[in-house]
Amino acid sequence: MKTTGANLLRILLERQGIHTLPGIPGGAILPFYDALHGSAIRHVLARHEQGAGFIAQGMARVTGRAAACLATSGPGATNLLTAIADARLDSVPLVAITGQVSQSLIGTDAFQEVDTYGLTLPITKHNFLVRSAAELLDVVPLAFQLAESGRPGPVAIDVPKDVQNATIEIDALPEPGRRQPLAPCPDEPIDALAHLLAHAQRPVLYLGGGVISSDASALARALAHRASAPIVSTLMALGAIPPEDPLFMGMLGMHGTQGTNFLLEEADLVLAIGARFDDRATGKVAEFCPRATIAHIDIDPAEIGKIKTAFLGLVGDAADILRRLLDILPPQTRPAWRARAAELRATYPLQHPPRSEDPLHPVNLCRFLGEQLPADAIITTDVGQHQMWVAQAYPFRQPRTLLTSGGLGTMGFGLPAAIGAALAAPGRRVACVSGDGSILMNIQELATLAEENLPVAVLIFNNTHLGLVRQQQELFYRQRYEASRFASSPDFAAIARGFGVRGERIDPMGDPLEQISAALAGEGPCVIDIPIHTTANVYPMVPPGAANRQMLIAQPEPAHA
Amino acid sequence: MRHTLSVLVENKFGVLARVSGMFSGRGFNIDSLNVAPTHDPALSRITAVLNGDDTALDMVTKQLRKLINVVEVVDFHAGEAVQRELLLTRVKATSKTRSEIMQICDIFRAKIVNVAPDAVIIEITGDEGKLTPFLKLLEPFGILEIARTGLLALKRDNASA
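Chains as they are written, first to last, in numbering that gives the first Met the number 0: chain A, 0 to 560; chain B, 0 to 160.
Any given hint could be a false lead.
Chain A regions said to be covered by chain B (calculated; three or more residues, Cβ under 8 angstroms) [as the list claims (entries may be wrong)]: (1) 113-120; (2) 288-302.
Within a straight-line C-alpha distance of at most 25 angstroms, the following computed SDA-like cross-link-like pairs (lysine to any residue) qualify [to be verified]: (3) B:Lys11 to B:Asp52; (4) B:Lys61 to A:His125; (5) B:Lys61 to A:Glu112; (6) B:Lys11 to A:Lys307; (7) A:Lys305 to B:Lys91; (8) B:Lys65 to A:Ser148; (9) A:Lys307 to B:Leu66; (10) A:Lys305 to A:Glu112; (11) B:Lys11 to A:Met410; (12) B:Lys11 to A:Asp186; (13) B:Lys65 to A:Asp186.
Please keep in mind that the hints were generated in silico from the structure rather than gathered at the bench.
Each residue gets a CB set at the ideal place from its N, CA and C atoms; glycine is no exception.
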């Protein structure tokens, strides 16, 4: 078969099962766009390459399979970088394809030339600069294999224009790249872990995003019940364990509940599963779990001992290790420890006024959304206070229902990720909870949303501030507020309508929850602008650098607030 | 503590940037780094000398093993490997001092490879225990320039094996 590099790339992507491809065209990627003409691949035209990257991320985070995105050279590629770096920190399988100037022009400061290979090198799992059309036969399957195998992550493929235009004769097409099986964890550490769990008095399971990516949620829950070990969760593991589970203690760390962090102070064994001891989870590392022996299961050997020395490290797929552990672990009842966990949970609930008094308190609002939306609804967030309120109060009941930028903390993630989620999970309800700061960072994707007409509700928790910045300035910078208040606040409902999306502004004087409910019941995409208190803070909060036991808790609200 | 890491890598585009970028990106300090092809043209060997405790070294090794183009990582403990460095130095040498410099070179089995009226270039091979005192002895004459390869290392074979 005689074909062009561009056409070959399209065929290879089709064989990888790519049927939705977000991107933006430009000069150096035009031969590939020409090859897309008439293809079965549905191209989704984003309005900014970062949007395209996060749409692909939304698809990948919902399905667990690698998604691809497209951009041209130069600014197209640099605009993608944030979405790639974000995928790296949250271990999301992503294949980013960029056009590049022709090889004869590389290094000449040509129009829209940038060293995409050099720029993506430190933020990808691996990256390629394709030197000939024939190389595509190896590079494309390998890119998908690498993105999905082991610890998932982003892979970048930079394709010069002359490679896309080159003619090539091919005899056979390669097999699509697939997730490669891992070397199984040996038996000895699993036996040792069973022994540790059997002899601990106060064990705790500390779940991270790896539990979700290895589909080990049910196994982790079974282990908790077998071992009578309470469960704490990172932001990335929310959804793995339903909140009504009696052993579930919620999120740990900077904005975790007090009882959860106190429980870890008392634990004598902490088993981390697919978690990476991020500073937002551990607080001051030296004082994290001070009485506990640490055991750590991770797919990435470099995570074992990276932050906190593990007494026992197990490298492998969490689901496989947990299954084999459950085969040999005898049941433990530990009534006193279970009772202690229940007591801590009951003693330290999230502090918030009752709904009847303050329906728009963010905690009440998140719980209300949890009642309004089905259990399989997908919630994306942006980054800031609203993200933490959602994490604290929204009842995530299933894995892969919370899509959030955990590691990089990228404002602007929510809307395009919600579009990707809706594209990848047709028929499911998708809501993006955002803030009035974050939504402006990728608001242009409302045009994409209108065009695709997807069932995405964007709920803006509007406090006319960069709320988490304002909160930190209040608490840690002597209330010297600098650049955290928006003097001009746009009319988001009108902006939405301008993009062709239904827009509603909630009037706090009427019945706000009824208005939200009515807005959510409408057809198609919508933006719901919800005014919340301008000075509400996320509590509890561990001051940066402090130990997790040193949480600040809500002060009683002054009467005029 | 000083560690010598020998890293076998695929001879692919950008591999040096990948390895050195990992070192800088994760805050590991390298004392020296040498890269050159092996007898197999598909493979290159990177020899890196690092300062750090055992935990830091463990992390470097694990991060290196994660890089796709890295084939093998070996950490040489003291005495396990033959370690050598090639050093070239240009030293001020007048007709008065030249013979004294030649004597020092003899003692250290160094070679004078270039002679000019006011300077010589000397070539010497060895480990740090040899090169450091050699340079110290040359210092009073006036060292003008130094170029060195960084440490190279290969595992010793056990004579009884």
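Taking the hints in turn, this is what the structure says about them:
1. 113-120: Holds: 3 residues of the region 113-120 of chain A have a Cβ under 8 angstroms from chain B.
2. 288-302: holds (count 3)
3. B:Lys11 to B:Asp52: Violated, because 31 angstroms separates the two Cα atoms, which is more than 25 angstroms.
4. B:Lys61 to A:His125: 16 angstroms, holds
5. B:Lys61 to A:Glu112: 34 angstroms, violated
6. B:Lys11 to A:Lys307: With a Cα-Cα distance of about 35 angstroms, the restraint between B:Lys11 and A:Lys307 is violated, given a limit of 25 angstroms.
7. A:Lys305 to B:Lys91: At roughly 49 angstroms apart (the allowed maximum being 25 angstroms), B:Lys91 and A:Lys305 break the hint.
8. B:Lys65 to A:Ser148: 12 angstroms, holds
9. A:Lys307 to B:Leu66: Distance ~23 angstroms between A:Lys307 and B:Leu66 Cα, so the pair holds.
10. A:Lys305 to A:Glu112: The given pair, whose Cα atoms are some 37 angstroms apart, is violated under the 25 angstroms limit.
11. B:Lys11 to A:Met410: 36 angstroms, violated
12. B:Lys11 to A:Asp186: 37 angstroms, violated
13. B:Lys65 to A:Asp186: 23 angstroms, holds
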